[in-house]
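Enquirer: Protein chains in written order, with this note's numbering: chain F, 1 to 320; chain Z, 1 to 320; chain R, 1 to 320; chain A, 1 to 320.
Calculated directly from the structure, the hints in this document are not laboratory data.
These numbers come from a predicted model, not from an experiment.
Treat the hints with care, as some may be off.
As the list claims (entries may be wrong) - Under 8 Å between C-beta atoms, here's a sample of chain F residues computed to sit facing chain R:
(1) HIS167
(2) ARG168
(3) ARG170
(4) ALA171
(5) TYR174
(6) TYR175
(7) LYS177
(8) ASP316
What the hints assert, rightly or not - Taking lysine-lysine and the DSS-like style, the derived pairs with C-alpha atoms no more than 30 Å apart in a straight line are:
(9) Z:LYS250 <-> F:LYS250
(10) F:LYS111 <-> A:LYS111
(11) Z:LYS111 <-> R:LYS111
(12) Z:LYS250 <-> F:LYS225
(13) F:LYS313 <-> Z:LYS150
(14) A:LYS229 <-> R:LYS111
(15) A:LYS15 <-> R:LYS313
(16) A:LYS111 <-> R:LYS250
(17) R:LYS229 <-> A:LYS250
Glycine included, C-beta positions come from ideal geometry on N, C-alpha and C.
Protein chains: 4
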Amino acid sequence: MSFPFTEEQVTHYIKENRSHTILGQTAQYIPALARQDSSKLGIVVMDHQGETVCSGDWDVSFTLQSISKILSFISVCTYYGIESVLEKVDVEPTGEAFNSIIPFEIHRPGKPFNPLINAGAITVSSMLPGETIEDKFRLFLDFLEKLIGKRPHLDEEVYESEWNTAHRNRALAYYLKESNLLELEVEDALAIYLKQCSITVRLDELAKIGLIIAYNGVNPITGEKIFPKEVARIAKVLMVTCGMYNSSGKFAANVGIPAKSGVSGGIVASVPPTCLDDHSCPNQGYGIGVYGPAIDSNGNSTAGTMLLSQLSKAYDFSIF
Amino acid sequence: MSFPFTEEQVTHYIKENRSHTILGQTAQYIPALARQDSSKLGIVVMDHQGETVCSGDWDVSFTLQSISKILSFISVCTYYGIESVLEKVDVEPTGEAFNSIIPFEIHRPGKPFNPLINAGAITVSSMLPGETIEDKFRLFLDFLEKLIGKRPHLDEEVYESEWNTAHRNRALAYYLKESNLLELEVEDALAIYLKQCSITVRLDELAKIGLIIAYNGVNPITGEKIFPKEVARIAKVLMVTCGMYNSSGKFAANVGIPAKSGVSGGIVASVPPTCLDDHSCPNQGYGIGVYGPAIDSNGNSTAGTMLLSQLSKAYDFSIF
Amino acid sequence: MSFPFTEEQVTHYIKENRSHTILGQTAQYIPALARQDSSKLGIVVMDHQGETVCSGDWDVSFTLQSISKILSFISVCTYYGIESVLEKVDVEPTGEAFNSIIPFEIHRPGKPFNPLINAGAITVSSMLPGETIEDKFRLFLDFLEKLIGKRPHLDEEVYESEWNTAHRNRALAYYLKESNLLELEVEDALAIYLKQCSITVRLDELAKIGLIIAYNGVNPITGEKIFPKEVARIAKVLMVTCGMYNSSGKFAANVGIPAKSGVSGGIVASVPPTCLDDHSCPNQGYGIGVYGPAIDSNGNSTAGTMLLSQLSKAYDFSIF
Amino acid sequence: MSFPFTEEQVTHYIKENRSHTILGQTAQYIPALARQDSSKLGIVVMDHQGETVCSGDWDVSFTLQSISKILSFISVCTYYGIESVLEKVDVEPTGEAFNSIIPFEIHRPGKPFNPLINAGAITVSSMLPGETIEDKFRLFLDFLEKLIGKRPHLDEEVYESEWNTAHRNRALAYYLKESNLLELEVEDALAIYLKQCSITVRLDELAKIGLIIAYNGVNPITGEKIFPKEVARIAKVLMVTCGMYNSSGKFAANVGIPAKSGVSGGIVASVPPTCLDDHSCPNQGYGIGVYGPAIDSNGNSTAGTMLLSQLSKAYDFSIF
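Excised from the complex, chain F in its bound form (with noise of 0.2 Å):
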């Protein structure tokens, strides 16, 4: 094991943070996220061999939401290539919400802004592989798979209630499909995406994710190349610059650590390994799992981001 902590001393962070779940609330726009303990608070650190340290809340199961935009393009450019696929999609952050208009219709034609704003995330899961909205899911599963060991399946209530509440990401899409920027029809490429949104995953498989996003797409503890170093980079750097909404900014520059949430709480974190110039390496890098569901404004979870900063702080895991 490498970890730079032991479990009581996680376990106290996870203590100390708690209390900030009441600084938010869980996401009220569907009943199943709505219901979620939002005193939760849960965290998986994974190390390079596989290991892991857990504690809190940890033993839990949610849905993927906004993290699984990450994984999309991901999983699109590993197959197209990121050349393809910066053509449909900008990799530009934006101060506006993830669900504006205003920026798209100020600057239209303009292709989205980046992937993790919602006009671009729609725009990339239209594009995954595959004739039907069956096949392309099923690719995108396979891809999930592949990075963590099995098959997670989709909340079909959750799933449910996104389609029937996405008037706003409805406005989005017709708005792109009018701009000649998404190829699928509407409302299959709405599918297609709110399927990916509400796949369920477990703590220790984000870490898992986040660890080999660290290792730049190698997954360390089998030496298995699951997509190349490039879109790593650039998904570590969309995870930087646009991963944590409209406070991507203020976590980078409290954290430091490439990283993505979403609306139930989950955030996946990776923490590439770092060594200093006397050759020593504090860390021979994590993938990091959090979950708690009270998120706040922005859309990220209140002690989950607070917990990610003093662990940051406290093991000098910022890439900066």
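Guided by the hints, dock chains Z, R and A onto chain F, whose structure is given.
Expert: The following block gives chains Z, R and A in isolation, referenced to the frame of chain F:
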């Protein structure tokens, strides 16, 4: 010397990228910038012992322009602490242009998105310690002198031109004033901001600045600590997320080095020391100064950006 | 007959303005509109006795398109009262395009600015009385039948094309739905809206509609009161302030007649009876229908607008 | 006398509407406006023979503020012709606030939407004939003297306060300058604009101005023609479409009289002579001045607006 390349190799890259100068043109809004030789391209790379590799049109001096924004931010944070500065300016990237009033008006009375857009930079400059413009500017020169080892001077012609054409900046500054975000008088805030933009530097000086940022505020040649590690980190975050105007995301994806550009065609870049997990260190940290006055529509040196991209790829300089 | 001009004089104006058709082109987004003969220009003017002056390409039929917006507004206001309608839609002009989401998102969760931009028109159409789309559409046809004396029909080809290309309108409607401004299901609201846009009319029918609006809701030929004076007045206000898309202000300044245009090239205009203070009445009120399918970038008939401008100046039709 | 009402009747309306003053408050941005007595409400109506009905707090003087915008527009159009003025400013309403930069930046480098938003008004003021500020201001006073029969004076205290707090207007003016829409120096353009806003008037003078606009530029009392009919018409169009800030549409719908308000609480309104088709003339045209310094969030007198609405409905003053 610890360079991964020879001067000849760098000269080769200069030659290869000089053709990209024709894709841009010199900034046209003031004569002193417009009349720069748009075919120029030069670079100085400095290592942690103060050794340099100089190539192309490296023996030049030019004005800092927007590069000064990151320096005044570091200076003010060093003096007052990061917290005080972040009360007046946020650290979030924005997809709008560096001189846009749109995001500002939509989200008003919010503080400026970050210190590297003009609204944020004017706010930060106005915070420079000192009672008078002269005091504030002297203190900024003091700070630069500590960084580069000699006192830089103001290009009076550039300053006068900037002052006379600063209509958009005046609009921004009066907007800030109206929103109670500017404590100084507008004309005073503009004076100090435009003066800092009009300071002349040389490429080796830019490289040294980049080196000190890469070494988290310590001059590795002398061992002198010039600003706190925390300030250096947030500076690097801002350089990555917002340093290259509206192509910061693409620059992070393609180059991956914290950098800040100016419309004079200068770029300062900081390559932090990075080591692999086998304890070999491909680089021990560099500061880079680039000059290529032909800029693109975003305001970045066309050839300079390409040159940095090739060097980063060839010698693995990306932090991602 | 009470016309201030002879048919020959009107024909002279038609000839003079036909050349302006080359300054525009037919709407290109659906085949049925695109293939209209862009060189056409026709007019019918109807007086309070039902007499008409017809000139140019007057013997045509075409779809109402945006002209229907003012008619569904009148219909819904007549049924529910103005107050109820103004709870859901404002009556303020906007400088943004008729299909823009920008003002809407900036000022959210505000209601649509007015019933003549698409967002407002969709909101109003969805209020048409009736349980089903069929009921609502039947009621709208009933209302038109009362206005023009015969039951108009739906152009099925146009409706189908509109339905299949209505991406931007779907975006708007889903945006409305998400803001709780649309009680109907989005697809139902769009169906009724697009059906009303696809109703076929002739120029004499448009002229009669204009006449009834000019006479404040009373058909002066029969004396029948079809809608309240208050509704007619607010309709004329909307026609003046927002009736001609983003050149409504210029049209009011140059022509000064309440009017509403559509992208099919039709314009309905209402010349209210006006008398001078010496008690002579230069006109006793007219309804005007114009058809000129070559439209400008704002969506208004190029030649039709010029024709109305000349007639208004020559015969003092302006209400200002 | 040709009034449709007695002084007693008008006094009744004043009493009834005075309670609406508590729905607003005086403009707070400068002391001279803030300290006005917010409970005041007064009116002067003038007929074509110069007779007046005065009621409530009519014996007051106050500064023109935005009312001056329509007067400088009329003055400049009279001097240079409408065409020349419309090259620099459009006549389209905008849904954004009177001091917004948003529409301007989105549509840049477009000219200001209309002469009644601040950007347009500053542009128009800067066109006033004359070499110096003094010349321009003198010429504007000359024009006002022709309208009201005596030379009005500048309220120096108001002007000084306006000058010192005009941050937003300076922002707008520098924005205009940067877009090459302002020929004058910014500070000079602001001086003339703010001076015209700071001119003191009385209600009978406002009423006379309204009367002359209603009579298309002719003073009906003396028969003197002061400005062309075409200018009067476009002024009335602007008053209807943009005269009452962001509730111009609602004012047109509820009141239907061309009017212009200012944040001092003044409103000038023009009731054109209108006759019915039975040749009876319910009114022969009036000018109205209203004062009620308690303004709403849009900038319009709360009680003054209600008073005009009731009078318009009771005596059929609407042009629609």
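Enquirer: Next, verify each hint and record whether it holds.
Expert: Each hint tested on the structure:
For HIS167 (chain F), the suggested interface contact is upheld, since its CB lies about 4 Å from the closest CB of chain R, less than 8 Å. For ARG168 (chain F), the interface hint holds, the least distance from its beta-carbon to any beta-carbon of chain R being 4 Å, beneath 8 Å. For ARG170 (chain F), the shortest C-beta to C-beta distance to chain R is roughly 4 Å, which falls under 8 Å, so the interface hint holds. Evaluation of the ALA171 (chain F) hint against chain R yields a held restraint, the C-beta minimum of about 4 Å falling below 8 Å.
Residue-level restraint check for TYR174 (chain F) holds (minimum Cβ-Cβ distance to chain R is 4 Å; threshold 8 Å). A least Cβ separation of about 4 Å between TYR175 (chain F) and chain R falls short of the 8 Å threshold, and the interface hint therefore holds. The beta carbon of LYS177 (chain F) is positioned within 8 Å of a beta carbon in chain R (closest approach about 4 Å), and the interface hint is therefore held. Because the closest C-beta pair between ASP316 (chain F) and chain R is about 41 Å apart, greater than 8 Å, the hint is violated.
Note on LYS250 (chain Z) and LYS250 (chain F): the hinted pairing holds, with a Cα-Cα distance of about 20 Å set against a maximum of 30 Å. For the hint pairing LYS111 (chain F) with LYS111 (chain A), the CA-to-CA distance comes to about 28 Å; that is within 30 Å, so the pair holds. Distance check on the hinted pair: LYS111 (chain Z) and LYS111 (chain R) sit about 28 Å apart at the alpha-carbon level, within 30 Å; holds. For a cut-off of 30 Å, the pair hint linking LYS250 (chain Z) to LYS225 (chain F) stands: about 25 Å separates their Cα positions.
For the suggested pair LYS313 (chain F) and LYS150 (chain Z), the alpha carbons sit about 35 Å apart, so the restraint of at most 30 Å is broken. Proximity of LYS229 (chain A) to LYS111 (chain R) is assessed by CA-CA distance (about 38 Å); at most 30 Å being required, the pair is judged violated. Taking the CA atoms of LYS15 (chain A) and LYS313 (chain R), the gap is about 43 Å. The hint is violated against a cut of 30 Å. A threshold of 30 Å between alpha carbons decides the hint, and for LYS111 (chain A) with LYS250 (chain R) the separation of about 14 Å falls inside it, so the pair holds.
About 17 Å separates the Cα atoms of LYS229 (chain R) and LYS250 (chain A), which keeps this hinted pair within 30 Å; it holds.
Hints 8, 13, 14 and 15 from the list above are not met by this structure, while the remaining hints are.
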